[in-house]
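My request is simple: use the sequences and hints to build the entire structure.
Protein sequence lines correspond, in order, to chains F and X. For the first sequence, position 112 (counting from the first letter as 1) is numbered 112 according to the UniProt record's numbering, and the numbering increases by one without interruption. For the second sequence, position 404 (counting from the first letter as 1) is numbered 404 according to the UniProt record's numbering, and the numbering increases by one without interruption.
The set of hints was computed from the structure by calculation and includes no laboratory data. Predicted, not measured: the structure shown is a model, and the values here were computed from it. Note that beta-carbon positions come from the ideal geometry of N, C-alpha and C, so glycine has one too. There is no bait here: all hints are sound.
Pair by pair, the computed Cβ-Cβ distance ranges are: (1) X/PRO26 x F/MET499: 23 to 33 Å; (2) X/GLY85 x F/GLY36: 19 to 29 Å; (3) X/GLN116 x F/GLN178: 34 to 44 Å.
In the EDC-like style, the derived pairs of lysine to aspartate or glutamate whose C-alpha atoms are separated by at most 20 Å in a straight line are: (4) X/LYS301 x X/ASP355; (5) X/LYS87 x F/GLU267; (6) X/LYS436 x F/ASP430; (7) F/LYS87 x X/GLU483; (8) F/LYS447 x X/GLU357.
Stretch by stretch, here's where chain X covers chain F in the computed footprint (C-beta under 8 Å, at least three residues): (9) 85-91; (10) 165-171; (11) 179-188; (12) 262-268; (13) 281-295; (14) 414-426; (15) 433-442.
Number of protein chains: 2
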Amino acid sequence: MGTFIRGLETTATYDPTTEEFVLHTPTLSALKWWPGNLGKTVTHAVVLAQLYTRGKCYGLHPFIVQLRSLENHEPLPGITLGDIGPKLGYQSNDNGFLGFDHVRIPRRGMLMKHSQVSPDGSYTKPLQQKLAYGTMVFVRVNLVMLSSYYLSQAVTIAVRYSAVRRQTEQIPGGKEPQILDYRSQQLKLFPYLAAAYAFTFTGWSTRYRYMEVQMEMNDGNMEALPELHALSAGLKAFTSYVANEGIEVCRLSCGGHGYSQASGFPELYGLATPLVTYEGENTVMLLQTARYLMKCAATAKRGGGLPGFVLYLNQRQKGQCPARSESDLLDHGLLSDAFEHRARRTVMDAAQQIDSEVAKGNPQHVAWNNCHIYLLKAASAHCHFYVVQTFVKYINDTEMSDAVRDVLTSLCQFYALHGIWQNAGDFLQDGYMNGKQLDMVQSLVGKLLDKIRINAVALVDAFDFRDELLCSKLGKYDGNVYEAMYVHDSYYKYLRPMMQSSKAKL
Amino acid sequence: MGTFIRGLETTATYDPTTEEFVLHTPTLSALKWWPGNLGKTVTHAVVLAQLYTRGKCYGLHPFIVQLRSLENHEPLPGITLGDIGPKLGYQSNDNGFLGFDHVRIPRRGMLMKHSQVSPDGSYTKPLQQKLAYGTMVFVRVNLVMLSSYYLSQAVTIAVRYSAVRRQTEQIPGGKEPQILDYRSQQLKLFPYLAAAYAFTFTGWSTRYRYMEVQMEMNDGNMEALPELHALSAGLKAFTSYVANEGIEVCRLSCGGHGYSQASGFPELYGLATPLVTYEGENTVMLLQTARYLMKCAATAKRGGGLPGFVLYLNQRQKGQCPARSESDLLDHGLLSDAFEHRARRTVMDAAQQIDSEVAKGNPQHVAWNNCHIYLLKAASAHCHFYVVQTFVKYINDTEMSDAVRDVLTSLCQFYALHGIWQNAGDFLQDGYMNGKQLDMVQSLVGKLLDKIRINAVALVDAFDFRDELLCSKLGKYDGNVYEAMYVHDSYYKYLRPMMQSSKAKL
Numbered sequence: 001m002g003t004f005i006r007g008l009e010t011t012a013t014y015d016p017t018t019e020e021f022v023l024h025t026p027t028l029s030a031l032k033w034w035p036g037n038l039g040k041t042v043t044h045a046v047v048l049a050q051l052y053t054r055g056k057c058y059g060l061h062p063f064i065v066q067l068r069s070l071e072n073h074e075p076l077p078g079i080t081l082g083d084i085g086p087k088l089g090y091q092s093n094d095n096g097f098l099g100f101d102h103v104r105i106p107r108r109g110m111l112m113k114h115s116q117v118s119p120d121g122s123y124t125k126p127l128q129q130k131l132a133y134g135t136m137v138f139v140r141v142n143l144v145m146l147s148s149y150y151l152s153q154a155v156t157i158a159v160r161y162s163a164v165r166r167q168t169e170q171i172p173g174g175k176e177p178q179i180l181d182y183r184s185q186q187l188k189l190f191p192y193l194a195a196a197y198a199f200t201f202t203g204w205s206t207r208y209r210y211m212e213v214q215m216e217m218n219d220g221n222m223e224a225l226p227e228l229h230a231l232s233a234g235l236k237a238f239t240s241y242v243a244n245e246g247i248e249v250c251r252l253s254c255g256g257h258g259y260s261q262a263s264g265f266p267e268l269y270g271l272a273t274p275l276v277t278y279e280g281e282n283t284v285m286l287l288q289t290a291r292y293l294m295k296c297a298a299t300a301k302r303g304g305g306l307p308g309f310v311l312y313l314n315q316r317q318k319g320q321c322p323a324r325s326e327s328d329l330l331d332h333g334l335l336s337d338a339f340e341h342r343a344r345r346t347v348m349d350a351a352q353q354i355d356s357e358v359a360k361g362n363p364q365h366v367a368w369n370n371c372h373i374y375l376l377k378a379a380s381a382h383c384h385f386y387v388v389q390t391f392v393k394y395i396n397d398t399e400m401s402d403a404v405r406d407v408l409t410s411l412c413q414f415y416a417l418h419g420i421w422q423n424a425g426d427f428l429q430d431g432y433m434n435g436k437q438l439d440m441v442q443s444l445v446g447k448l449l450d451k452i453r454i455n456a457v458a459l460v461d462a463f464d465f466r467d468e469l470l471c472s473k474l475g476k477y478d479g480n481v482y483e484a485m486y487v488h489d490s491y492y493k494y495l496r497p498m499m500q501s502s503k504a505k506l
Numbered sequence: 001m002g003t004f005i006r007g008l009e010t011t012a013t014y015d016p017t018t019e020e021f022v023l024h025t026p027t028l029s030a031l032k033w034w035p036g037n038l039g040k041t042v043t044h045a046v047v048l049a050q051l052y053t054r055g056k057c058y059g060l061h062p063f064i065v066q067l068r069s070l071e072n073h074e075p076l077p078g079i080t081l082g083d084i085g086p087k088l089g090y091q092s093n094d095n096g097f098l099g100f101d102h103v104r105i106p107r108r109g110m111l112m113k114h115s116q117v118s119p120d121g122s123y124t125k126p127l128q129q130k131l132a133y134g135t136m137v138f139v140r141v142n143l144v145m146l147s148s149y150y151l152s153q154a155v156t157i158a159v160r161y162s163a164v165r166r167q168t169e170q171i172p173g174g175k176e177p178q179i180l181d182y183r184s185q186q187l188k189l190f191p192y193l194a195a196a197y198a199f200t201f202t203g204w205s206t207r208y209r210y211m212e213v214q215m216e217m218n219d220g221n222m223e224a225l226p227e228l229h230a231l232s233a234g235l236k237a238f239t240s241y242v243a244n245e246g247i248e249v250c251r252l253s254c255g256g257h258g259y260s261q262a263s264g265f266p267e268l269y270g271l272a273t274p275l276v277t278y279e280g281e282n283t284v285m286l287l288q289t290a291r292y293l294m295k296c297a298a299t300a301k302r303g304g305g306l307p308g309f310v311l312y313l314n315q316r317q318k319g320q321c322p323a324r325s326e327s328d329l330l331d332h333g334l335l336s337d338a339f340e341h342r343a344r345r346t347v348m349d350a351a352q353q354i355d356s357e358v359a360k361g362n363p364q365h366v367a368w369n370n371c372h373i374y375l376l377k378a379a380s381a382h383c384h385f386y387v388v389q390t391f392v393k394y395i396n397d398t399e400m401s402d403a404v405r406d407v408l409t410s411l412c413q414f415y416a417l418h419g420i421w422q423n424a425g426d427f428l429q430d431g432y433m434n435g436k437q438l439d440m441v442q443s444l445v446g447k448l449l450d451k452i453r454i455n456a457v458a459l460v461d462a463f464d465f466r467d468e469l470l471c472s473k474l475g476k477y478d479g480n481v482y483e484a485m486y487v488h489d490s491y492y493k494y495l496r497p498m499m500q501s502s503k504a505k506l
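Shown next, in the form of structure tokens:
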């Protein structure tokens, strides 16, 4: 849902003789699939369908439709529905399918706040076509929060377990170290620990921005919507990809025990991985962001001004990264500049590639498709820059103790430097950074692991997830992992007292 | 299992007065966890334990132990066991846990082919200490095959579904294209399609090499074992990481339907993801490979000769990639050289980093830990080079029709070029490639997508998986995806004929 809704095939055709809409699903592949609670539970649904009246199609509109009898819960005549069966996760949700065979509903079943069909079948269009975008932006901004939320949980479990679990003596006869002391383990977990913080700040920042834009929209000013719409689509994709990947890296970092349901990971992954798909599939979202960025690039090339965050596309490209020493590379401004440079270069590069495809005689949609590689990179680099900049800004603008600022500063440096290291090609390809600078980046990534190690457990404890929420034997706050895996808490809490009291009575 | 087995805590202490071994698990955390079929089924197990006799520990040895009564299937006295509960996958397997409380077994319970404990408690060590490695190598070589097998299945499902599924018109009113025609979709699937082929050839090649080495070992020649041991450990990790990641990319490329169990993906992932962990956790495996490579690097620096595949570490580093045009970059030799260069550089770089850590006064194990970043990169680059070279060799050395050679040649070029593009930093950092060459690589990756598209369905059909094996409604050979999701095959095959025949009888 949310990917190509304008292509939806179900129709709602107005019949003025009876003042009813006729809902119809024309093909098997047009069945609606996936709505939650549809399989066994719901009695009514809001259905999106192509509105036809007086022989003309007006596109998608929402209708409230009764699906099941309130007497015996059977589907009403003409309605086909059921449960779509088991899934990777969300087993407790009865996701369903739905189709209509000429089902008639009263005219007032159409939700007519914005557009109307009058009894005689005449159509009134909404005052503002873009209003629907506002809701989509709101949902996607919340998905950024949700990505950080799930990722934070995974990191909490893995960091806590890595502080408890010991593995492989380093010196013959020596004690096996906590696995959190291994650089290889840190290298798995700390990028996602840093990302969990970065995405939390990103979520807050975009939510705040959404509220500002919503207030402007209430005053009839829609100007800021396109930029926020593009940003939120891209961030939804960027953050949910990282969360999806990070949860699995965290699970695998716990060895075999991560594979057990008792770790909490399989359930968590089942909840988080649909984020990649729902409310706009991630690739489609990134391409949507790219489409906006291509418009901006064209504006910038013409010398036109750009709004808000995309203003950076108006700036001239910087020559070279000025870092001469490792300490230069710890500077937040310099790091943010590097991501800005990469975003601008990849956006401009993608625009250039499309132009040259068009110049070869390809139609626009072929040029667009041929440039997917460049467009996806550009959209992703744009979002990555936003996240880095937001992290930096949060530290600069927020009141906090020096001690906390210190910890977050290292985490932010690490997030940015690790991002450069992971995407080294993007920073080297045009000579913005050189090999020697990359060597320093790599060395700093190692050194910062040490720094973050000291506060790693505190950093996940600060997310403040209760054991009851994490549902993980590996991620227990008290660290008694093996005891919890062997005997379930409920034995001590409920069973034993009960059995002992009944024994006493005998 | 297989990660730090020498640290196993369960003991088998020989008691000459009764000619028995006493098996004992000293702590809760020393319980054996995970063995398949232990939870509810098995009656006997081969148990690895630290052998003590005459007050001395001789390390791990295998013992056959009866666990359950053959009368009533109850655990025998002193034996604690049970099912470890639900997991991410493998639900039909009753993985279990096991502990011993001073359990006595007869002396002959020790498997004494290679080492013996005589009735009086004297110990005879095996003729050849390294023999046990042979089995580990055999298992890991097979896991490379298994990675390619699971990955091939995922790619088959995703490519077939992408040829059936249509999404989003490109021109207003135009037909929605097959999603396999989108470059973004190709960019998700074709790297794993190419990897599935590359890993198949790698699996064959290492299995053949294992048989050669095994024959040498039968003649008492163990020389080739260390190299193959290191290579198989690394390849197990390298290929299973890619398979693990690839299955999820394939699943997500199918949108919401990939999340349904009916897609076959959730079950497949449940089977494949433990490959990352079992028979030696991947990070530990890569570090094992790195340890061997560091020895080789030291030998090479001293001017000593190296055996077999690691011979490349004896070669002088090449100056710069000679590619001047896109067609140069399609040359298999040039591509293989690039991966060779990267492997050698990262191996030598890691050795250098360790030396400089030691020079700073760090003990060896601290230096090693501090260099994990470099070591993991080196081990991975080594394996990546092996896979590319094996792919190239397979095409060169195998008889096949020109048409097939053509298709595999493109696939091999794509595998290598996509690998360079994904790891661009490694090829740019020391100036072996320059930004212009990288631009050409990126452009070729796009062009090769088009070429592979033509044969993509044939390439997955060639894996020749039966529908009954794939168990996927999305990956059905006949492409009738939506019908199969809506009505289960068994209705047409069994239920309807039965119901119609019983109706006829009435």
